[in-house]
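Participant: This is what each chain is made of:
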Amino acid sequence: MTPLSYYLGLSGLLFAVGFAGAVTRRNAVIVLLGIEFMLNAANMNFIAFWRYGVSGTAPTGIMVVIFSIAIAAAEAAVGLALIIAVYRHRQTTQLEQIDSLKG
Amino acid sequence: MPNKITFCLTAIFTLSAAVAAMRLRNPVHCALSAALAFAGLAVAFLGLDAEFIGFAQILVYVGAISILTIFTVLLTRGSEVEQRAAIFSRSWITGIAITIGVTGAILLPVFSSSLSFKTAPVAASAPVQSIGNELMTRYLLPLEVMGLLLTAALVGAVVIAMSDAPDKKRLVVPASVGRASVTGFSSEVLPAKAGTTNQRELTTV
Numbered sequence: 001m002t003p004l005s006y007y008l009g010l011s012g013l014l015f016a017v018g019f020a021g022a023v024t025r026r027n028a029v030i031v032l033l034g035i036e037f038m039l040n041a042a043n044m045n046f047i048a049f050w051r052y053g054v055s056g057t058a059p060t061g062i063m064v065v066i067f068s069i070a071i072a073a074a075e076a077a078v079g080l081a082l083i084i085a086v087y088r089h090r091q092t093t094q095l096e097q098i099d100s101l102k103g
Numbered sequence: 104m105p106n107k108i109t110f111c112l113t114a115i116f117t118l119s120a121a122v123a124a125m126r127l128r129n130p131v132h133c134a135l136s137a138a139l140a141f142a143g144l145a146v147a148f149l150g151l152d153a154e155f156i157g158f159a160q161i162l163v164y165v166g167a168i169s170i171l172t173i174f175t176v177l178l179t180r181g182s183e184v185e186q187r188a189a190i191f192s193r194s195w196i197t198g199i200a201i202t203i204g205v206t207g208a209i210l211l212p213v214f215s216s217s218l219s220f221k222t223a224p225v226a227a228s229a230p231v232q233s234i235g236n237e238l239m240t241r242y243l244l245p246l247e248v249m250g251l252l253l254t255a256a257l258v259g260a261v262v263i264a265m266s267d268a269p270d271k272k273r274l275v276v277p278a279s280v281g282r283a284s285v286t287g288f289s290s291e292v293l294p295a296k297a298g299t300t301n302q303r304e305l306t307t308v
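Sequence order for the protein chains is A and B. The opening position of the first sequence corresponds to residue 1 in this note's numbering, with each subsequent residue numbered one higher. The opening position of the second sequence corresponds to residue 104 in this note's numbering, with each subsequent residue numbered one higher.
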């Protein structure tokens, strides 16, 4: 049997990898991927606490993760559309060159 | 419940794919590695007896979000990589330092808590039928709100990513011909034309 700490450790490490990618990469698409990793790590925690907790029969953690996945999908669609819109104005996706709001 | 060996194999696979996704130079390779990491997470969800979430993860992340990311990379010429250009930002040392701090703040409580080492209760399963029942009874309002959010996000994504060239053409149509009903989405409305189109929109509406 796997103890709860294994899943929490995997989730924490995955969050760390996503966070490192989000704060260090230059490409906006990769930064979005890092944010997706962080969201997935949170989902992992929800599922792990639901499985190991005193949930009874109610699938509460599952419900939270279903809504979380839906929000993550909406966020990815809008974020990638924003990247395409910015690219059309600036001809770049490098975040260090996108440093002013004035188009 | 799988044993520790299965879990460790899944975890190593997921973490190495995630690290590769954050470190590779070519963004297309990054997106494909991220798809592998999402698939590994789906396996971990299956190991936690959350079958519905595991398959939803495969459908949404491996299927949709990875493909969307690859499309974005290809549409933005991100796949043309210069061999010399830096892929990490200038302040990456600060970023790594913050990452180590955050990771420590997450992992220290996890491994110092006595709760972390409890094993799972024997029976916890969420069949799809009970998930559907909950969605249609207790979580009905959140489900409707989620549908609204997804619709708004879909329309918004299309509008944001849409090329605004057709709108510019439509603006120079003579006033006697042009119907001013579709100027709302234009991001660059010419100032002189904007007043007239808005007035016409008011009159037509």
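Among these hints, one or two may not hold up.
[What the hints assert, rightly or not] According to the in silico footprint, chain A covers these stretches of chain B (three or more CB under 8 angstroms from chain A):
hint: 1; segment: 114-125
hint: 2; segment: 129-136
hint: 3; segment: 139-148
hint: 4; segment: 156-169
hint: 5; segment: 228-242
hint: 6; segment: 257-265
These are computed hints drawn from the structure, not numbers from a lab. We put the CB at the ideal spot given by N, CA and C, even for glycine.
Participant: Confirm or reject each hint.
Facilitator: Here is what the structure says about each hint:
Only residues whose beta carbon comes within less than 8 angstroms of a beta carbon in chain A count, and the segment 114-125 of chain B has 7; three or more means the coverage holds. With 3 residues having a beta carbon nearer than 8 angstroms to a beta carbon of chain A, the segment 129-136 of chain B meets the requirement of three or more and the stated coverage holds. Judged by the Cβ-Cβ criterion of 8 angstroms, the segment 139-148 of chain B is covered by chain A as claimed, because 5 of its residues qualify and three suffice. Restraint check on the segment 156-169 of chain B versus chain A: 7 residues with Cβ-Cβ distances below 8 angstroms, three needed, restraint holds.
Coverage of the segment 228-242 of chain B by chain A holds [criterion: at least 3 residues with CB-CB distance below 8 angstroms; count 6]. With a cut-off of 8 angstroms between beta carbons, the segment 257-265 of chain B has 6 residues touching chain A; three or more are needed, and the interface restraint holds.
The structure shown violates none of the earlier numbered hints.
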